[in-house]
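**Q** Hey, can you work out the whole structure from these sequences and the hints?
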Amino acid sequence: MSRPDLLAGRVALVTGASRGIGAAIAKALVEAGATVWLAARTEGSLDATLATLNGLGAGEARALYFDVADPAAIKQAFGTIQKADRRLDVLVNNAGILKASMIEMASVEMMDETYQVNLRSVLVASQYAARLMARNGGGSIINLTSIMGAQGFAGQAVYAASKAGVIGVTKSLAKEFAARQIRVNAIAPGAIDTALIEGLSEEKRQETVASIGMGRLGTPEDVAALGVFLSSDAASYITGQVIGVDGGMVV
Amino acid sequence: MAEDLHEIVARALMLDRSAITDDLKYNSIPEWDSVAHMALIAELEAAYDVMLDTDDIVAMSSVGTIREILKKYDVEA
Numbered sequence: 001m002s003r004p005d006l007l008a009g010r011v012a013l014v015t016g017a018s019r020g021i022g023a024a025i026a027k028a029l030v031e032a033g034a035t036v037w038l039a040a041r042t043e044g045s046l047d048a049t050l051a052t053l054n055g056l057g058a059g060e061a062r063a064l065y066f067d068v069a070d071p072a073a074i075k076q077a078f079g080t081i082q083k084a085d086r087r088l089d090v091l092v093n094n095a096g097i098l099k100a101s102m103i104e105m106a107s108v109e110m111m112d113e114t115y116q117v118n119l120r121s122v123l124v125a126s127q128y129a130a131r132l133m134a135r136n137g138g139g140s141i142i143n144l145t146s147i148m149g150a151q152g153f154a155g156q157a158v159y160a161a162s163k164a165g166v167i168g169v170t171k172s173l174a175k176e177f178a179a180r181q182i183r184v185n186a187i188a189p190g191a192i193d194t195a196l197i198e199g200l201s202e203e204k205r206q207e208t209v210a211s212i213g214m215g216r217l218g219t220p221e222d223v224a225a226l227g228v229f230l231s232s233d234a235a236s237y238i239t240g241q242v243i244g245v246d247g248g249m250v251v
Numbered sequence: 001m002a003e004d005l006h007e008i009v010a011r012a013l014m015l016d017r018s019a020i021t022d023d024l025k026y027n028s029i030p031e032w033d034s035v036a037h038m039a040l041i042a043e044l045e046a047a048y049d050v051m052l053d054t055d056d057i058v059a060m061s062s063v064g065t066i067r068e069i070l071k072k073y074d075v076e077a
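So the protein lines, in turn, are chains A and B. Counting along the first sequence from 1, when you hit position 45 you're at 45 in the numbering used here, and nothing is skipped either side. Counting along the second sequence from 1, when you hit position 36 you're at 36 in the numbering used here, and nothing is skipped either side.
There's no promise every hint is true.
[What the hints assert, rightly or not] Subject to a maximum C-alpha distance of 27 angstroms in a straight line, what follows is the list of computed DSS-like cross-link-like pairs (lysine-lysine): (1) A:K204 - A:K99; (2) A:K171 - A:K75; (3) B:K71 - B:K25; (4) B:K25 - B:K72; (5) B:K25 - A:K83; (6) B:K72 - A:K75; (7) B:K71 - A:K83; (8) A:K171 - A:K99; (9) A:K75 - B:K71; (10) A:K204 - A:K75.
[What the hints assert, rightly or not] Cβ pair distances, simulated, as ranges: (11) A:A234 - B:I29: 38 to 44 angstroms; (12) A:I197 - B:D49: 40 to 46 angstroms; (13) B:T65 - A:S172: 24 to 30 angstroms.
[To be verified] A few chain A residues that face chain B, going by a derived Cβ cut-off under 8 angstroms, partial list only: (14) F78; (15) A84; (16) A179; (17) Q181.
Bear in mind the hints are in silico, worked out from the structure with no lab data behind them. Where is the CB? At the ideal position from N, CA and C, for every residue including glycine.
**A** Here it is, written out as structure tokens:
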């Protein structure tokens, strides 16, 4: 899906954009003509991606380095966007961490870190995004949740809790922001072929594939296509939804 | 010259400019509820090109305090 006019003139921010689903969404938004701020924690980690995206001849890619676990850093990032573009049309809250652990072995530090990165960052970024979006008559916030948020998963109670929280944020803010024409939706990817999956054993991987109706892992591009749609005016009457991209894993 | 604060408040709260004074308080009239407060914050940020801290948004409890708080951001409203 490459339509360089679909998001022309729109400004987007994608967190966790250095790899996986975040990188794919950022690329798809640039291909659709948007100016996209790619956010990542590690300085320099976006250099190669930026060079590629800016060579596409579509939208524009820019880098922003900050840690979503740090609310002051989030504020500063939005300040940068405000100064540069004076608008924000799309926010993709994608940055997240996943640390598997049986609950008896999960440390309080790991719980707090997961909450700060996966959930609090969504709340804080939404505070600033809403105000920037409201100035220009609306926008679209897209939160990455997970199939685990609604379904649960053994060994993933902490991660699942954070992702269930994201669903609560999504539905609440959809209601709170509707009058300001800011749409808030969540994408719930199933098993997507990214670094998060690479850690699985071959046996577990095959078991996972067998549980997918379509018989294959998803690709980051499968998820990105929905990101573009939700960012665009084609989705202008869709808000408060949690949409699975999972090849029939959950029906 | 920055836009007049009373003008901005009137527009955000959809009131006549003559109804706005520095003594007007948040939640003292139906037009200035929490939803309208968010519209007002967006108007202020756009008009004065600032990004307000959450604490300041909460502290903006009257037109007068808004004027005071904006000084922190080098805005003479």
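**Q** Do the numbers back the hint for A84 (chain A), that is, is its least Cβ distance to chain B under 8 angstroms?
**A** violated, 12 angstroms
**Q** Answer holds if the nearest beta-carbon of chain B is closer than 8 angstroms to that of A179 (chain A); otherwise answer violated.
**A** holds, 7 angstroms
**Q** So if I understand the rule, the pair passes when the alpha-carbon distance is 27 angstroms or less; does K72 (chain B) with K75 (chain A) pass?
**A** Cα-Cα ~17 angstroms, so holds.
**Q** Close enough to count: is the Cβ of Q181 (chain A) nearer than 8 angstroms to one in chain B?
**A** Hint on Q181 (chain A): violated, closest Cβ of chain B at ~12 angstroms, above 8 angstroms.
**Q** Within 38 to 44 angstroms: is that where the Cβ-Cβ distance between A234 (chain A) and I29 (chain B) falls?
**A** holds, 40 angstroms
**Q** Starting from K204 (chain A), check that the Cα of K75 (chain A) is at most 27 angstroms away, please.
**A** Judged against 27 angstroms, a Cα distance of about 40 angstroms means the pair is violated.
**Q** Decide if the proposed pair is consistent with the structure: K71 (chain B) and K83 (chain A), CA atoms, cutoff 27 angstroms inclusive.
**A** Distance of about 19 angstroms is within 27 angstroms: holds.
**Q** Mind checking the hinted window 40 to 46 angstroms against the Cβ distance between I197 (chain A) and D49 (chain B)?
**A** Because 44 angstroms falls inside the window, the suggested range holds.
**Q** Next item in the hint list is F78 (chain A). Is there a CB on chain B closer than 8 angstroms to its CB?
**A** Hint on F78 (chain A): holds, closest Cβ of chain B at ~6 angstroms, below 8 angstroms.
**Q** The hint says 24 to 30 angstroms between T65 (chain B) and S172 (chain A); measuring C-beta to C-beta, is that right?
**A** holds, 28 angstroms
**Q** Does K72 (chain B) sit within 27 angstroms of K25 (chain B), going by the straight-line distance between their CA atoms?
**A** Status holds; Cα separation ~20 angstroms.
**Q** Has the given pair, K75 (chain A) with K71 (chain B), been kept, meaning a C-alpha gap of at most 27 angstroms?
**A** holds, 19 angstroms
Hints 5, 10, 15 and 17 from the list above are not met by this structure, while the remaining hints are.
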